[in-house]
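With the hints as constraints, model all of the structure from the sequences given.
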Amino acid sequence: MSIQGKVVVITGGSSGMGLAVAVELVKQGANVVINGRREQALADAAKQIDPTGEHVAYIAGDISNPQTAERLINVGISRFGRVDTLVNNAGIFLGKPFEDYTEEEFNSVLTTNVVGFFHITQRAVTHMLEAGSGHIVNITASGVSEQPIKEVPAVLAALTKGGLTTATKSLAIEYADRGIRVNAVAPGVIKTPMHAVETHDFLAKVHPMGRMGEAEDIVNAILYLEAATFVTGEILHVDGGQSAGKW
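In our numbering, the protein residues as written are 1229 to 1475.
Quick caveat, the hints were computed from the structure, so don't treat them as lab data.
Each residue gets a CB set at the ideal place from its N, CA and C atoms; glycine is no exception.
Straight-line distance between alpha carbons at most 16 Å, and here's what the computed EDC-like set of lysine to aspartate or glutamate pairs gives:
hint, residue 1, residue 2
1, Lys-1397, Glu-1374
2, Lys-1275, Glu-1252
3, Lys-1378, Glu-1327
4, Lys-1234, Glu-1252
Between beta-carbon pairs, the in silico distance windows are:
hint, residue 1, residue 2, range
5, Arg-1307, Leu-1451, 18 to 26 Å
6, Met-1422, Thr-1330, 17 to 25 Å
7, Asp-1272, Ala-1359, 26 to 34 Å
8, Gln-1350, His-1428, 36 to 44 Å
9, Glu-1402, Ala-1456, 17 to 25 Å
10, Val-1425, Phe-1346, 28 to 36 Å
Here you go:
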């Protein structure tokens, strides 16, 4: 199934996986609207995605703010005519012992990973119901939320990204007969600017395959889900085998 002409909103689109997804989608003929907190980073990303600016727009702001979510959907509609797909990529990962989390850290992770998801997804669903079709892809987490790793304590990821896994299935069932598909990609640890190079050897070892994933692996998973029109409620693990069990 071609994505030519589709309109895709991507949160957390100024770097890492979100940027890689946006670049490939535009390369294949889609239009994208990206979001992030920093205006300059978004402007730089937009130039990388499409130097002409014809197929990309961006909205700076905190995704947990309902007004930011509203602007994202409105720009997709006003600039490109509609929103076909939402990729909920924005997220915060903070791994540390449970007893060491501060209230500020808890609130920060919760607002981005859950509150941000709620506001943008609700607005996207409202538009997609009017259009009669749509697709939502949630970026969750594999190992730390579904198959916890002793060496990487991360209960806030389990709480928030694990919750998105269940929400994905719940929304998929709720809207399956109304033209909207809802799926998730559950990555292992992906090589992005989030992870310092000196940590790569350790992070490679938390995967049965013995290596970290690449942003391209996540891009390919999203492209598959976008094309797989009979797939909804799927949690597609792209995790080097983490979710398969203990090793």
